[in-house]
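Novice: Below, each chain spelled out in residue letters.
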Amino acid sequence: MLQRFHKYAAPMHFHRLALALSPWLFGISALLFATGLFGGLVLAPADYQQGDSFRIIYLHVPSAWMSMFVYMVMASAGAAGLIWKVKMGDIIARAAAPLGASFTFLALATGSLWGKPMWGAWWVWDARLTSELILLFLYLGYLALQSAIEDRRAAARAGAVLAIVGVVNIPIIHYSVEWWSTLHQGATITKFDTPSIATSMLIPLLLMALAFKSFFAATLLVRARCEILAFEQHTAWVREYLRAGRPS
Amino acid sequence: MNALREFLHMGGYAVYVWSAYALGLVVLVWNVWAPLRHERQLERSLAASRSGREP
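In order, the protein sequence lines correspond to chains U and X. Taken in order, the first sequence gives residues 285 to 532; the numbers are from this note's numbering. Taken in order, the second sequence gives residues 22 to 76; the numbers are from this note's numbering.
Excised from the complex, chain X in its bound form (with noise of 0.2 Å):
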């Protein structure tokens, strides 16, 4: 349990080392969700503009 909350306050720079971490998550969490969820919208769009003109 010690262990851990020293490990948690990061000899006093616990608040620059966390954000910094917590900022880095995101950038790459978004970077897998982003480009995914444009692949799916993209090929549904394609295909019913696809099949719109072609019944």
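Bound-form chain U, shown alone (with noise of 0.2 Å):
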């Protein structure tokens, strides 16, 4: 098992691994998201209080779960490149932050466009949007940095530390529903209590969760295959790669 993680943890073997497998993980992505939207846009019923506009929630929690999921995906491969200098680390922190950024642009967006017709206002500035902007920031901030920086793993290193400090808005993203007086509604699902939601409309919200992190998981191979080849260009086995193409 430790063997074949270490195998993995190689660039040439994640390389052929993320080649093997993202067509798989579009496939089950889109699936989920065919069945999800099915259900949610269709079978589920009309919210009793937000009529047809609670079916934003579709696009908005998933995308909003996933900005801070990939964020700690972006902090933890940054903090595996910066301390134990394990390659994939910066590779896979890199290829993560713009996937990252869009999804809380997105979870920004739908939330706006659901705001307006519930709240009366696209933007108010309490404590869950405001965390959530911030966390826009630090995505485009890390963005930045690796574009300013020439050099890839010096690039990679900075943003690290970038990446590391802002987890501290994390906690403050999710518990600032609690922590503050706040137009956003709390949680509907946590992991304690049953949900506060009928059963019609969680079954699509899960599998729209789950076609968000398939997508995620599908796309952030692509990416870091680009991240592999940049990194490694002028290694043996790219212009072996280059030369040979693709193994069928």
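Certain hints may be false.
[Unchecked claim] Chain U is nowhere near these chain X residues, computed Cβ spacing over 10 Å in every case:
1) M22
2) N23
3) R26
[Unchecked claim] Only pairs whose alpha carbons sit at most 25 Å apart, straight line, appear in this in silico SDA-like list of lysine to any residue:
4) K497(U) to V47(X)
5) K400(U) to S415(U)
6) K371(U) to L57(X)
[Claimed, not checked] If you only want the chain X side, here are some residues facing chain U, beta carbon under 8 Å, derived:
7) L29
8) M31
9) G32
10) S40
11) Y42
12) L44
13) G45
14) L49
15) N52
16) L57
17) H59
18) A68
Hints listed in this document are in silico derivations from the structure and should not be mistaken for laboratory results. Remember, it's a predicted structure, so these values are computed and weren't measured experimentally. Beta carbons: idealized from backbone N, C-alpha and C, even for Gly.
Dock the two chains into a complex; use the hints.
Specialist: Here's what the structure looks like:
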């Protein structure tokens, strides 16, 4: 097991694994999106308070969850690269950042489109929204660092420091609806309570969450492949790969 | 036909719901298309720079 882990911690093996896995993950994600969207947009009944506007939840909540999850992936991969000099750590962190920024943007934008009809405002400066906006700035700061520093290793190291410092924002986002009085509604789904949502509304939400997660995994692998080729462009195996093409 | 119109109407929230889903579609499609295109370009440029050095 440990040996296998070490094997895939090497960029060459990871690249081969990523080529083989990503089409499957894209397929799984497409299936989950199709069933989740059908359940959420067609089968689930309208909310008794919010009417059909609540259906934005099926994009908003999964992308908000992913915005925090991807950040933790990015920060821990960055930390592994920084502390233990794991090359795949640098690569995964750099590959995750644009995806995290996309999910954060989507969570904010869909939240805004949901806030307007429900709260009467596109935006309010409350704790949940503000801390999520700071998360977007953390991602953008990380991406700006990566493009500003020419040397990939140095850029990854600088980015890892930023990402690790920014982790403090994650519990703030999570608990913001409990710590401060806020317009944003509290958590619908928690680990320890039964969820305060009907099953026919809950199942599509979980399917969409899984769809987003497999989508993230699939696209992360594609981005990681690019990073690996760029990091390893002077090695013999990349030359051989470019010459011979993909194994079929 | 009526059912379809009702579905698209989204209980009066059509503008908000469908713009949210359109935005979601754009973000997801871009995140598939952009890295795949980048990978193709990168593979091509790396292969080209290599064959340039050793003819």
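Novice: Identify every previously stated hint that the structure contradicts and give their numbers, smallest first.
Specialist: Going through the list in order, the structure violates hint 7 alone and respects the others.
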